[in-house]
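A.B. asks: Chain residues, written in single-letter form:
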Amino acid sequence: MRRLLYIFSLSLSVLSATAQDDVFDLLDEESESTQYTYATFKGTKLLNGQTNETPGQGVLQYIISHRFGSFTDEYLYNFFGLDNAHIRMQLDYGFSDRLNMGIGRSSVLKTSDAFIKYRALRQKTGANPFPFSLTLYSALNYRGARYTDGIDHNTSDRLSYHHQAVFARKFDERLSLILAPSVVHWNLVPGPEDPNDTYHLLIGGRYKLNKRIALTGEYAFSSNRRYGSGATEEQFHNPLSIGVDIETGGHVFQFHLSNTRAMSDPLWMAQNPYSAADGSLFLGFNISRVFTVTQ
Amino acid sequence: MKKLLLTALLISSNFLSAQQYLTREARLDFDAGSPLEDIEAFTESGSAVYDANTGKIGVQVLMTSFQFKRALMQEHFNENYVESEKFPKASFKGLYSEGNVSGGLTIHGVTKEIKVPARLNQENGNFVLVTSFDITLADYDVKIPSAVANKISKKASIQVHATLKKISK
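Chains A and B are the protein sequences, given in the same order. According to the working numbering, the first sequence is numbered sequentially starting from 3. According to the working numbering, the second sequence is numbered sequentially starting from 115.
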């Protein structure tokens with residue numbers, strides 16, 4: 003009897019083992035494939051700075067940006083600064099899902115620029131997780147505006163550079179943050195005591211309110227900014243911007259309030275003359291439109 | 115006799131579990147396009163299982179594995195429509211019998227009972243599953259903003275093609 007019971011219990015356990023061996027369990031046993039994190043940010047630019055994002059392969063992007071006049075200076079007479087705009091236009095192309103190159107032109111000091119952006123590392127989950135994305139960005143800027151010092155400046159004098167490593171992490175579907183160490187190099191500086199290189203650390207992020215609207219912000223610390231011979235006090239101020247991203251299909255609208263007006267990288271990051279504390283605040287926007295030009 | 119019974123039980127249980135078929139390379143296509151916009155995507159990394167003894171059949175796919183022609187469309191699909199971060203997988207779990215599959219289809223976290231025609235043929239020791247059916251996006255709580263309502267079909271057609279191989283244990 004005991005033996006029979008033993009066999010019975012054994013057969014039960016075998017049966018239950020078979021029952022547990024449900025074919026549907028095999029679906030979830032899937033060795034988790036690597037998934038790249040998508041849409042860390044809506045746009046390739048955060049406000050003035052870069053995000054880790056690039057347009058996909060075969061995507062042509064056009065960005066038009068405006069920075070208006072002072073928000074606080076005679077605000078009704080100047081219609082909150084909207085009467086007086088600086089402009090930048092950018093055209094760029096995704097040569098692959100990682101490589102992006104483009105050109106731009108901004109009205110402040112008639113600056114032309116060209117940039118290259120490369121997604122070196124991508125945040126991913128799954129079998130081989132990686133906690134953050136790293137995108138490398140380099141821009142070359144050419145000052146087209148005439149100098150007023152009476153010297154005939156050659157091309158080399160007119161060039162400045164901005165190199166940046168954009169570390170980004172999407173923490174969840176709402177929150178993404180950026181940390182971007184940057185260096186700005188000027189071929190020509192006003193005086194011998196002024197550094198040709200300045201170092202900056204940009205912090206920024208976005209918080210999505212819903213599927214299409216996000217709050218954004220950025221701020222850049224600067225290591226040294228003793229530009230301007232004979233200056234006795236700080237001439238330049240750290241850039242601070244807050245804004246809102248609105249996405250509507252192929253467009254991203256970015257509206258913001260900041261203490262910067264210039265849009266070429268070395269100017270807004272290293273030589274921003276406006277102080278938010280003094281009430282110098284400007285409205286601005288970036289609007290991007292993408293076109294898929296290859297299939 | 116008892117030993118024989120035990121052996122028979124063990125063998126039969128082995129036999130039972132040996133009738134399972136699996137693939138991790140199922141192809142799924144879907145089309146939610148309209149005359150105004152092509153919205154098509156495919157993946158070749160779906161999972162499909164079939165138990166020839168019980169008739170149980172299942173298909174599962176990671177939403178982010180769907181490839182679109184346009185990067186932005188793929189991003190919108192995952193971020194705005196199927197919300198892949200919240201609902202990473204779509205699955206079907208049901209039964210096959212006599213040219214039909216019936217069971218629960220889960221998309222966007224919503225499960226609906228469906229019954230659709232399907233072919234399940236044995237070829238060279240494998241099972242080949244082919245099915246094609248339409249779903250109504252609203253049934254699965256996939257919201258389409260009114261601004262793009264005429265670009266996106268209210269129904270999506272889904273095609274599955276999978277060659278399931280016998281699991282050797």
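What the hints contain is simulated information worked out from the structure, not anything from laboratory work. Accuracy of the hints is not assured; some may be wrong.
DSSO-like mimics (lysine-lysine), calculated; alpha carbons at most 27 angstroms apart, straight line [as the list claims (entries may be wrong)]: (1) Lys280/B / Lys207/B; (2) Lys203/B / Lys126/A; (3) Lys213/A / Lys280/B; (4) Lys226/B / Lys112/A; (5) Lys200/B / Lys226/B; (6) Lys213/A / Lys200/B; (7) Lys172/A / Lys269/B; (8) Lys126/A / Lys200/B; (9) Lys280/B / Lys210/A; (10) Lys226/B / Lys126/A; (11) Lys265/B / Lys210/A; (12) Lys213/A / Lys207/B; (13) Lys210/A / Lys112/A; (14) Lys207/B / Lys210/A; (15) Lys226/B / Lys213/A; (16) Lys210/A / Lys200/B; (17) Lys268/B / Lys183/B.
Here chain A is said to cover these stretches of chain B; the calculated rule only asks that three of the stretch's residues, wherever they fall, bring their Cβ under 8 angstroms from a Cβ of chain A [as the list claims (entries may be wrong)]: (18) 148-160; (19) 185-192; (20) 206-213.
All values derive from a computational prediction rather than experimental measurement. Heads up, the beta-carbon is just placed ideally off N, CA and C, and yes, glycines get one too.
A.B. asks: Against each hint, give a clear statement of whether it holds in the structure.
C.D. replies: So, going through the hints one by one against the coordinates:
| no. | hint | in the structure |
| --- | --- | --- |
| 1 | Lys280/B / Lys207/B | holds (19 angstroms) |
| 2 | Lys203/B / Lys126/A | holds (17 angstroms) |
| 3 | Lys213/A / Lys280/B | violated (43 angstroms) |
| 4 | Lys226/B / Lys112/A | violated (60 angstroms) |
| 5 | Lys200/B / Lys226/B | holds (18 angstroms) |
| 6 | Lys213/A / Lys200/B | holds (13 angstroms) |
| 7 | Lys172/A / Lys269/B | violated (32 angstroms) |
| 8 | Lys126/A / Lys200/B | holds (16 angstroms) |
| 9 | Lys280/B / Lys210/A | violated (46 angstroms) |
| 10 | Lys226/B / Lys126/A | violated (31 angstroms) |
| 11 | Lys265/B / Lys210/A | holds (25 angstroms) |
| 12 | Lys213/A / Lys207/B | violated (30 angstroms) |
| 13 | Lys210/A / Lys112/A | violated (35 angstroms) |
| 14 | Lys207/B / Lys210/A | violated (34 angstroms) |
| 15 | Lys226/B / Lys213/A | holds (25 angstroms) |
| 16 | Lys210/A / Lys200/B | holds (15 angstroms) |
| 17 | Lys268/B / Lys183/B | holds (20 angstroms) |
| 18 | 148-160 | violated (count 1) |
| 19 | 185-192 | holds (count 6) |
| 20 | 206-213 | violated (count 1) |
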